[in-house]
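> Sequence:
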Amino acid sequence: MTSDAFKDFVLDQLHAIEDLKCKRMFGGFGLYAGTTFFAIISDGRLYFKTDESSRREYVRREMQPFQPTPRQSLKAYYEVPADVIEDATQLEQWARAAVKVAAE
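Be aware that the sequence shown starts at 1, since it is given in my numbering, and climbs by one per residue.
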């Protein structure tokens, strides 16, 4: 799947998120719920904003933080598991949790 096709798929899966916007950034895309930046799409992967509590599930599933360069890591953003991306209902739940974390 091309990066644009993946982006379009993710946006379709997240259609229930109010005021969802997608903007180019980091060589990929940033996702916003209104003005709240909560996700990154880069290199065919989706990353959600996490906090200490929500990050546990990502780590339990052995997901990695967003790494825009080999020497830089944004540890607040973790890759969303493929099975979650495929399930629109579950993805929406994870996205809403990421929006809540990002808004705090």
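There's no promise every hint is true.
Said to hold, decoys possible - Taking lysine-lysine and the PhoX-like style, the derived pairs with C-alpha atoms no more than 20 Å apart in a straight line are:
(1) Lys21 / Lys7
(2) Lys100 / Lys75
(3) Lys7 / Lys23
(4) Lys100 / Lys21
Unchecked claim - Listed next, with one range per pair, are the computed distances between beta-carbon atoms:
(5) Pro68 / Ala5: 19 to 25 Å
(6) Pro65 / Glu104: 23 to 29 Å
(7) Pro70 / Asp12: 29 to 35 Å
(8) Thr89 / Asp19: 25 to 31 Å
(9) Asp4 / Glu57: 24 to 30 Å
In short, the hints are calculated from the structure, not lab data. A quick note: this is a predicted structure, and the numbers were derived from the prediction, not measured. Heads up, the beta-carbon is just placed ideally off N, CA and C, and yes, glycines get one too.
> Next, verify each hint and record whether it holds.
Results of checking the hints against the structure:
1. Lys21 / Lys7: Judged against 20 Å, a Cα distance of about 12 Å means the pair holds.
2. Lys100 / Lys75: Distance ~17 Å between Lys100 and Lys75 Cα, so the pair holds.
3. Lys7 / Lys23: The hint holds at about 11 Å.
4. Lys100 / Lys21: 16 Å, holds
5. Pro68 / Ala5: 19 to 25 Å: 21 Å, holds
6. Pro65 / Glu104: 23 to 29 Å: 19 Å, violated
7. Pro70 / Asp12: 29 to 35 Å: At roughly 32 Å between Cβ atoms, Asp12 and Pro70 fall inside 29 to 35 Å, so the hint holds.
8. Thr89 / Asp19: 25 to 31 Å: Once the Cβ atoms are compared, 20 Å apart, the range 25 to 31 Å for Asp19 and Thr89 is violated.
9. Asp4 / Glu57: 24 to 30 Å: 28 Å, holds
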